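Student: Chains A and B supply the protein sequences, listed in that same order.
The first sequence begins at 1 in the numbering used here and counts up one residue at a time.
The second sequence begins at 1 in the numbering used here and counts up one residue at a time.
Treat the hints as calculated values from the structure; they're not laboratory data.
Since we're looking at a predicted model, the values are computed, not measured.
It is possible that part of the hints are untrue.
Residues of chain A placed beyond 12 Å of chain B at every Cβ, according to the derived structure [said to hold, decoys possible]:
#1 Val14
#2 Lys18
#3 Arg60
#4 Val67
#5 Ser70
Within a straight-line C-alpha distance of at most 30 Å, the following computed DSBU-like cross-link-like pairs (lysine-lysine) qualify [claimed, not checked]:
#6 A:Lys56 - B:Lys13
#7 B:Lys18 - A:Lys13
#8 B:Lys61 - B:Lys13
#9 B:Lys33 - B:Lys56
Where is the CB? At the ideal position from N, CA and C, for every residue including glycine.
Read off the chains here:
Number of protein chains: 2
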Amino acid sequence: MDFNTGHGYAGDKVGRIKALMCQACHGLDGLSKVPDAPNIDGQLEPYLVAQLQTFKSGARKSDSMSVVASSLSDQDIEDLAAYFSAIEMQVVF
Amino acid sequence: MDFNTGHGYAGDKVGRIKALMCQACHGLDGLSKVPDAPNIDGQLEPYLVAQLQTFKSGARKSDSMSVVASSLSDQDIEDLAAYFSAIEMQVVF
């Protein structure tokens, strides 16, 4: 999220509220809190959108995500993907 | 990877060689090189094992990963998961 340009900010702000439903497993920082949930901090936005859509459609299955994604609108999915993808992540060398 | 204790070293070294087949999409650093491949640097090891197994079994489908995973042994999957999960990643605040 870039506070100077505002790029991604609206999406992130809305996304952060919607992300409250994700935090028990993925954290608001996108770092996994349970062994079977992936880290999603800084994950590619198109990948997050695609995976949420495949969970929603049933093409990909998960005990938790199949339930959660079934309730998401396309806008929810865009907002959540915008939020988590905007978290900056780097590899530590 | 901890060079002092050697923890994870053997797995990582073998995994790094096997990871050459992954690098075009995921990079040897685990950072995605193509829009439809996720970052997998520092991803949870049990999650990586589970996903590779579901791609191999056909329970999860992907044009590229369904092909790649079909050729992987259980040992390959363990080595690759050990390698990518050992890459240190952090959220930048």
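Student: Checking a non-interface call: every C-beta of chain B should be farther than 12 Å from the C-beta of A:Val67. Is that right?
Tutor: 17 Å, holds
Student: Given the hinted pair B:Lys18 and A:Lys13, is their Cα-Cα distance within 30 Å?
Tutor: Given pair B:Lys18, A:Lys13 is violated - Cα atoms ~41 Å apart, limit 30 Å.
Student: Beyond 12 Å from chain B, beta-carbon-wise, is A:Arg60?
Tutor: For A:Arg60, whose nearest Cβ neighbour in chain B is about 6 Å away, the distance does not exceed 12 Å, so it is violated.
Student: CA of B:Lys33 to CA of B:Lys56, is that 30 Å or under?
Tutor: 22 Å, holds
Student: Please settle this one: A:Ser70 was flagged as non-interface, so is its CB more than 12 Å from every CB on chain B?
Tutor: 18 Å, holds
Student: For A:Lys18, is the shortest beta carbon distance to chain B beyond 12 Å?
Tutor: 19 Å, holds
Student: Regarding the pair B:Lys61 and B:Lys13, is the alpha-carbon distance no greater than 30 Å?
Tutor: 28 Å, holds
Student: Determine whether the non-interface label on A:Val14 survives the test: each CB of chain B must be over 12 Å from its CB.
Tutor: 20 Å, holds
Student: Regarding the pair A:Lys56 and B:Lys13, is the alpha-carbon distance no greater than 30 Å?
Tutor: Violated, at about 38 Å.
Hint compliance for this structure: hints 3, 6 and 7 are broken, all remaining hints hold.
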